[in-house]
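2 protein chains.
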Amino acid sequence: MRPDLRLDNGLILTMNDRFEVVDRGFVEICGSNITAVGRMTEISNRPQPHEVLDISNHLVMPGLINCHTHAAMTLIRGMADDMPLDTWLRDFIWPAEARFVTAENVFTGTQLAIAEMFRSGTTLFADMYFFEEEVARACIEAGMKVLTGEAVMDFPSPSHPTPESTLKHTESMATQYRNHPLVRVAFAPHSIYACSKPLLQSIAKESRRLNLPVHIHLSETDEEVTNSLSGNGLRPLPYLLQTGISERLIAAHMIHTDQKEIELAATLDMGIAHNPSSNMKLASGWAPIDTYTRSKIKCGLGTDGAASNNNLNLFNEMRGTALVTKLLCKDPAAMPARKVVEMATIGGARVLGVDNITGSIEAGKAADILVARLDQPHLTPLYNIWSHVVYAMHSSDVETLFVNGRMVMHKRVLQTLDMATILAKASKLNKKIQIDLFDSK
Amino acid sequence: MRPDLRLDNGLILTMNDRFEVVDRGFVEICGSNITAVGRMTEISNRPQPHEVLDISNHLVMPGLINCHTHAAMTLIRGMADDMPLDTWLRDFIWPAEARFVTAENVFTGTQLAIAEMFRSGTTLFADMYFFEEEVARACIEAGMKVLTGEAVMDFPSPSHPTPESTLKHTESMATQYRNHPLVRVAFAPHSIYACSKPLLQSIAKESRRLNLPVHIHLSETDEEVTNSLSGNGLRPLPYLLQTGISERLIAAHMIHTDQKEIELAATLDMGIAHNPSSNMKLASGWAPIDTYTRSKIKCGLGTDGAASNNNLNLFNEMRGTALVTKLLCKDPAAMPARKVVEMATIGGARVLGVDNITGSIEAGKAADILVARLDQPHLTPLYNIWSHVVYAMHSSDVETLFVNGRMVMHKRVLQTLDMATILAKASKLNKKIQIDLFDSK
Numbered sequence: 057m058r059p060d061l062r063l064d065n066g067l068i069l070t071m072n073d074r075f076e077v078v079d080r081g082f083v084e085i086c087g088s089n090i091t092a093v094g095r096m097t098e099i100s101n102r103p104q105p106h107e108v109l110d111i112s113n114h115l116v117m118p119g120l121i122n123c124h125t126h127a128a129m130t131l132i133r134g135m136a137d138d139m140p141l142d143t144w145l146r147d148f149i150w151p152a153e154a155r156f157v158t159a160e161n162v163f164t165g166t167q168l169a170i171a172e173m174f175r176s177g178t179t180l181f182a183d184m185y186f187f188e189e190e191v192a193r194a195c196i197e198a199g200m201k202v203l204t205g206e207a208v209m210d211f212p213s214p215s216h217p218t219p220e221s222t223l224k225h226t227e228s229m230a231t232q233y234r235n236h237p238l239v240r241v242a243f244a245p246h247s248i249y250a251c252s253k254p255l256l257q258s259i260a261k262e263s264r265r266l267n268l269p270v271h272i273h274l275s276e277t278d279e280e281v282t283n284s285l286s287g288n289g290l291r292p293l294p295y296l297l298q299t300g301i302s303e304r305l306i307a308a309h310m311i312h313t314d315q316k317e318i319e320l321a322a323t324l325d326m327g328i329a330h331n332p333s334s335n336m337k338l339a340s341g342w343a344p345i346d347t348y349t350r351s352k353i354k355c356g357l358g359t360d361g362a363a364s365n366n367n368l369n370l371f372n373e374m375r376g377t378a379l380v381t382k383l384l385c386k387d388p389a390a391m392p393a394r395k396v397v398e399m400a401t402i403g404g405a406r407v408l409g410v411d412n413i414t415g416s417i418e419a420g421k422a423a424d425i426l427v428a429r430l431d432q433p434h435l436t437p438l439y440n441i442w443s444h445v446v447y448a449m450h451s452s453d454v455e456t457l458f459v460n461g462r463m464v465m466h467k468r469v470l471q472t473l474d475m476a477t478i479l480a481k482a483s484k485l486n487k488k489i490q491i492d493l494f495d496s497k
Numbered sequence: 057m058r059p060d061l062r063l064d065n066g067l068i069l070t071m072n073d074r075f076e077v078v079d080r081g082f083v084e085i086c087g088s089n090i091t092a093v094g095r096m097t098e099i100s101n102r103p104q105p106h107e108v109l110d111i112s113n114h115l116v117m118p119g120l121i122n123c124h125t126h127a128a129m130t131l132i133r134g135m136a137d138d139m140p141l142d143t144w145l146r147d148f149i150w151p152a153e154a155r156f157v158t159a160e161n162v163f164t165g166t167q168l169a170i171a172e173m174f175r176s177g178t179t180l181f182a183d184m185y186f187f188e189e190e191v192a193r194a195c196i197e198a199g200m201k202v203l204t205g206e207a208v209m210d211f212p213s214p215s216h217p218t219p220e221s222t223l224k225h226t227e228s229m230a231t232q233y234r235n236h237p238l239v240r241v242a243f244a245p246h247s248i249y250a251c252s253k254p255l256l257q258s259i260a261k262e263s264r265r266l267n268l269p270v271h272i273h274l275s276e277t278d279e280e281v282t283n284s285l286s287g288n289g290l291r292p293l294p295y296l297l298q299t300g301i302s303e304r305l306i307a308a309h310m311i312h313t314d315q316k317e318i319e320l321a322a323t324l325d326m327g328i329a330h331n332p333s334s335n336m337k338l339a340s341g342w343a344p345i346d347t348y349t350r351s352k353i354k355c356g357l358g359t360d361g362a363a364s365n366n367n368l369n370l371f372n373e374m375r376g377t378a379l380v381t382k383l384l385c386k387d388p389a390a391m392p393a394r395k396v397v398e399m400a401t402i403g404g405a406r407v408l409g410v411d412n413i414t415g416s417i418e419a420g421k422a423a424d425i426l427v428a429r430l431d432q433p434h435l436t437p438l439y440n441i442w443s444h445v446v447y448a449m450h451s452s453d454v455e456t457l458f459v460n461g462r463m464v465m466h467k468r469v470l471q472t473l474d475m476a477t478i479l480a481k482a483s484k485l486n487k488k489i490q491i492d493l494f495d496s497k
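So the protein lines, in turn, are chains S and W.
Its first residue numbered 57, the first sequence is counted upward by one per residue in this note's numbering.
Its first residue numbered 57, the second sequence is counted upward by one per residue in this note's numbering.
What the hints contain is simulated information worked out from the structure, not anything from laboratory work.
Misleading hints may appear alongside valid ones.
Copies of the same chain look alike in the list, so a pair counts if it fits in one copy or across any two.
Listed below are the simulated DSSO-like cross-link pairs for lysine-lysine, each with C-alpha atoms no more than 30 Å apart in a straight line [unchecked claim]: (1) Lys386 / Lys484; (2) Lys253 / Lys488; (3) Lys352 / Lys488; (4) Lys261 / Lys386; (5) Lys484 / Lys316; (6) Lys484 / Lys224; (7) Lys224 / Lys488; (8) Lys467 / Lys484; (9) Lys316 / Lys352; (10) Lys467 / Lys253; (11) Lys224 / Lys386.
So that you can see chain S by itself, here it is in the shape it has in the complex (with noise of 0.2 Å):
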């Protein structure tokens, strides 16, 4: 078959197990996959393809993957910070919550952080909010990857009236996106305070009949530690484990653990989303990350909520890891940039259990790709591809981006999204969250 489209002569970050870095390459992709990726020498062996994009100066890598977020809460970006965590919660974050979201409000603030994400070269993010089905129809939409998963809790949440109902909800869009080309399910039980042991236990036994991720936040904050220990009589990780979550495990955070608890996580089919900004911002704690890493335990990053970070940039999230583990460990050598590229990327996928299909520029593969321009001053001059992006790139320079082939981005130019209508309706929500908390106090 003919292909439709190839990539020539960029310099491509393959993220395959050999971390092959190919200078002057060629990208093939034919439907939503790669076919061929080799060295422009190579291209007589190749089809003719229908369009030719010459990439020269530019780097091509995988799409990032956001392996933790809540991405409707873009529309209450910046409405509260530099405060004590229950007071933000308490005043700002719950009562707004309250207010705005809707199933249309979900919609409207996961397009806004669709568009972000994308202009950021983010392919893929595992979500865990409310309305969940307003989520999958933006992606659908805008052609944008997505881990769903419904937050269930003992209470009731703004979609649902009682944890049965999102349980069962969970398992009809698991139903309903059975292998969908861009939509997944998990569940997401919000946290192990948050939900009662049978709650749990029931996650665990419908998560192993269907199959399905369980994405939970867990050893946030010490609290949560303290809490388990003395209300469990474990610490998280092996509580989890006792109401029988123990596979497909997507544990955002892990910032509060002990050896035991990481020697255990080793041994486990879970995943660790890593949400540094989130995590300083709310002087929640930092997660030894290389410590995981080292433990290969599948590591991927996050940008959890933009109420939280404030924005959902993974080349921010890049950054911060490899910085602040250095200087944690008092050691310069820690979190090297290519580990770091590695959890943006084929790590991520790892985590959320996708690592077959994407993460990767490799045959075979879903054609997620990044072209990103090098011909700017603060990526001048090029000794190292892999420090370029961790430690100087900027998402801005995220020129071109595909999902499953799908040019999402040309040019910095959304293809599949009005960009000033999502704009202007989620500056006119703002306008409403604000008044509307104002007349509360």
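With chain S's structure known, arrange chain W on it following the hints.
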């Protein structure tokens, strides 16, 4: 006199003493100065300018101030990363510098640095390097403000055979640039460990005689403190005072200080240049910047050289300062956004001793002005402009930049530098430096 230009309808962060924010405001520019700032409702009282720029939906704030860098080190950006400090210095940085630091290359490297700094909103930087006459020349050509600092050590530098020659050169530059609109001159002893006591004493004397600032690396590493204690019987700051250096002092880093040094610093005519990215990347430690600001010590931000950052983007430094301080203080309220914006603007001007002429948007000050787009997904919605600048904004949002009223960038296009030529020159040099380095091994 009829004003040259008025910026209309912007959201203005004045950074005046009251941290006034003007929504739908104007900034009037005449020659190199700001002549008026106010609300759009007040413009009927103002004379008609030659030109009006409508900047609805844009932020206006003072140009950012980089209090510590080695501009020409852009030429070895990313040459060596993720390695212990001594390997980095001995095997890479020093051998590379021995080869590439010539007058011509410093000029090129500084041009590259200015291109990058303009494109990330910087209008003034304090440099410490060699061939500073070339740094001054590059800045004058481009219209950038600089405080030059020809590095002086006990041993010969690439530009001067003896420290005496460097001091003479500094004096002659100070004479040459007296009252220059863009260039000021400082003495720049490298550090207390690279300068003998007699050398520091003569710098103390000369800087007092010529009324010039003294820009020095101070308390950057644990080792420096230990060696100062054992060699001088004093910690770095009291030792420096003993040499007579106590006025117009710009101390870069100031990471490892004790309570007494902090109290001492608060009584002195000194400022601190905090370099978060470099301090993390080299694992040097973290300056107690919250304590410094609470102690009313003048504090600004720096990027350090591109070899240890790896860019010259003060938005990264703002974000890092806020986030890492929160993490280390275990307090999400530590280093709130406004305080960080202060460090990047008027605070930096105080550190460099130029707060009477720049660092805020006020009538009478120089028109050193940054204009940034707000109509971006990652900046929508807008609740709080302070948190947007620190946590959400990217350097690429800077659209237009003025230095002394001259437009040096407009719609992200540099107006005074030929970017393509500079990038080509720097890339060529990179190949030469790489070949030389490999040949020497």
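Each hint, compared with the structure:
1. Lys386 / Lys484: Cα proximity of Lys386 and Lys484: none, with 46 Å in one copy and 35 Å across.
2. Lys253 / Lys488: neither (38 Å within a copy, 64 Å between copies)
3. Lys352 / Lys488: neither (47 Å within a copy, 39 Å between copies)
4. Lys261 / Lys386: neither (43 Å within a copy, 38 Å between copies)
5. Lys484 / Lys316: Result: close neither inside a copy nor across copies, 49 Å intra and 52 Å inter.
6. Lys484 / Lys224: neither (34 Å within a copy, 62 Å between copies)
7. Lys224 / Lys488: neither (32 Å within a copy, 64 Å between copies)
8. Lys467 / Lys484: For Lys467 and Lys484, both the intra-copy (28 Å) and inter-copy (27 Å) Cα distances are at most 30 Å.
9. Lys316 / Lys352: Only inside one copy: Lys316 and Lys352 sit 15 Å apart there, 45 Å across copies, limit 30 Å.
10. Lys467 / Lys253: neither (50 Å within a copy, 57 Å between copies)
11. Lys224 / Lys386: neither (48 Å within a copy, 40 Å between copies)
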